[in-house]
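The listed protein sequences correspond, in order, to chains A and B. Once you know that position 68 of the first sequence is 68 in our numbering, the rest is easy, because the numbers rise by one and skip nothing. When you read off a place in the second sequence, starting at 1, and then add 1000, the result is the number in our numbering.
Possibly wrong hints are sitting among the right ones.
[Claimed, not checked] Simulated pairs of lysine-lysine, DSS-like, Cα-Cα distance not exceeding 27 Å:
no., chain 1, residue 1, chain 2, residue 2
1, A, LYS120, B, LYS1206
2, A, LYS120, A, LYS23
3, B, LYS1335, A, LYS2
No wet-lab data here; the hints were simulated from the structure. In this text, all values refer to a predicted model and were calculated from it rather than measured experimentally.
Spelled out, the chains give:
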Amino acid sequence: MKLYKKEGNILQILSFPNETVEKGDYLLVEDAEAGKALIAQVIDVQFASIPGVLEELLRSLPDGGELVHGEDFDPLEIAPHITFIQDASLLVCKIRATLENENLSPSSSWLPSRSQSTIKKLAIPTLLKLAKVEGKLPIVLGGTKDSSFLTIDASCLDGRLNIITGKKETGKSHLSKLLMVNLVGYKATVAVFDLNGEYVSLGMTSDGKRNAYYDKIHVLAPGQNFKVALKQVNLHVLLGILIHALHLPGTSAREFRRIWQSLKERDMLTLHELGEAIRNWNCNQHVRDALSSRYHALVNSGFFTDIVAEATLLEDCLFKAQEHGGAVIVNLRNTSTIDRQIVVEYVLGKLVEQLTSWKLKATFLFAEEAHLYLRETYWDDIVTRMRHFGIFTTFITNQPDTIKENIYRQADNIFLFNFTNEHDLDVVSRAARVDAETVRLIARDLPPHHCLTLGRVVKDFPIVVKVKALDVRTMGETRLFFKDTN
Amino acid sequence: MVIEQYTIAATPKYNFPQPNIDTALPQRFIEQSINSLKYVQNQPFQLNQQPFQQATNMELNPQTFQLRMQPIILKPNHEETQIAACDTSTLKIGETSTGMLIAVRGANVWKQNKSYKYTRLGPFIFHITEENKSEVYNMLERAYFTSTHKQSHLYFVNLLQSPTRIASLLERWLQATLAKTMNDGVVLFDGSLTAGIPDTPIERLKEILMNARKCGNVVMAFSKITSLRINGYLITDMPLQQRNPHLLETIGLRPKPPIVLLGDVYVARLSHGSYAFRLDIDKENSNDQRIEAVGRLLGNDILTQGYPETLRLAHILCTFTANEVIAMQHFIARKCGLKIINRPDMHRLLFGPFGRGESYS
């Protein structure tokens, strides 16, 4: 390999056919004289612009596209040299760091010698060692191209905003499950908004047996084993539901507050009493109608109950999870859009309540396709305010444009699976911790189950990893009509 | 210093398809190529590629001649006839402190069963110096003469001429191969049928033409450039209101000795609206045979812009592309350990932007 050009933080390196370098590989451009080396990542592989190649190709097709056959007597065996030159490739590389005295710095301000520099592939384990991508809480994400494992530190997810994105069926949910069970393994408290009921069997192996996480996975199905009694709900949590999920106007919310306080003073906080109070409350008819319709929405959701024994205390599940490590999976599979929003508002409200009162230390929140249940204002809340309370979110989506740009800008870690659509790649490339070229050029060619890991977990050295298999029962499979036929 | 030993023997790849053809010349090419490269080890090497124009169309002082303005109208004859052509090319790859490195390659192309086939020889790379220029050339020359005229003849060649002279030797060998191996075909040469010049001794070309006639072949040579003029006009620029393919015959064309024309010279416009070329046809063929041969060429080959595709392909196949030049430089640097240097360009050094002004454009 030969250093050809440097423009900004882009290096162009000439590579010959006997040197196998692929997108995503790391190269070490070492200038012994300067005592420094550049660490660059290959983001694109192109044909080198060799003069005369067009003529070479054209002369083999002179007769309307039909190949001219013949024999070549090449006694000096120049032909291999011709193909050697013709097949030379140009590696477009992004400079990631400068290595000097075993220390890495993000600088790319110096120029290595073009004639004297030596270029060699940098093995991922060596890079990880140099970058100190290791820690006390290792999570093996999977294998890299040079058959080594990529191990990240769970503490790099702590207090961070993560995004897992990629097109359908590339392995996003698989990775989020992997992260989740590993966090649970390290006694973390995890809450999951499970849109498709994919996480409910994480406690079982693929052959249906109980695994190590069986006792740590708490599945809550709203309306079934997850109901709340009004007595257990704080007014501000319920107001949050009414205002944000059920769009209750401000005037009506004020009346509702009065009704609630009146019932609470009389210790009559039940669904039945609430309905009666709304019907008999002395207020404007429009306000009564507004309150009445929201009341019926709450009743019809099946999420609220008057039987205290039937109610599940979310706090209990969270405390249990906090004690031994565990995940509270909120299965939103069979809930309607409105009910889903009610449940999410409740869970988030409760989480904030527990965290602000320091009853909970911190929670890792996994939210799949969050745009389907998260209200607009919550996005900013989650990445700014709730982070300080101790909610560390991982968004999982196959529609990257549903996540707002400011969220990408603040994301600490991005796990990027394959995208072919330019628009999708453009959206992801707005993330602050990654450059647009890397995202566009590498993510487009990622095979299924391969993920480009970006951000703090890899110390800003983007690494392609094949996500390792997980021995849990998968529930996210698409239901097929022709499954039996095939 | 230990240098790599080359095996001076034909490589297994070097296996000629026609057993009746004497392969002494190409074998000498390999030997001389390898021998000359032995003495170029570890020298500085200045990259300087430059194609040599072969002087195949010597038209020294032709005396007054005329052009018969009555065109010979040609009709394509589709009777299946093999059309073959050959060409060579040579190129200076660079300079060493003692001489220069050149590459030579030749190609024979023929049209068979409506498809084109080729045999390509080379590239042969030679290191030509003042010391070895005569040795290299004469060894090759002797290889040719041993097998043909059984005579020994030593030439003193100018260093700058040697690339074209070596290429000419290869070209004559390729022409002889075609003349002997084809039957009842049309053999196309690049240039003219002019003999008596250092590159083309009369006897050599005569023998090629004779062998071709023995096998029922008609040899014709196409010149892309001519300097023959009538009334100040190039013969290929003469205006003529004739739409069909035709020939114009020259009369009284007699070059000064020792140059002789072994062909009759025509102006050929072989397709409507295309270019005209000087066409030499072996004069030992009767007039009818010549016209019929051109007709068979029209009926059996593609004539884009009035130039036969077979000959065009021969030219294309032996021409060195920039990619191949780089590959040969790579080969030499690897095999001979040449150090590539950049000598300062004296014109640029002395005259700045006024030195070789056109190269700056």
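Verification of the supplied hints:
1. A/LYS120 <-> B/LYS1206: Violated, at about 61 Å.
2. A/LYS120 <-> A/LYS23: 15 Å, holds
3. B/LYS1335 <-> A/LYS2: 20 Å, holds
Checked against the numbered hints given earlier, this structure breaks only hint 1.
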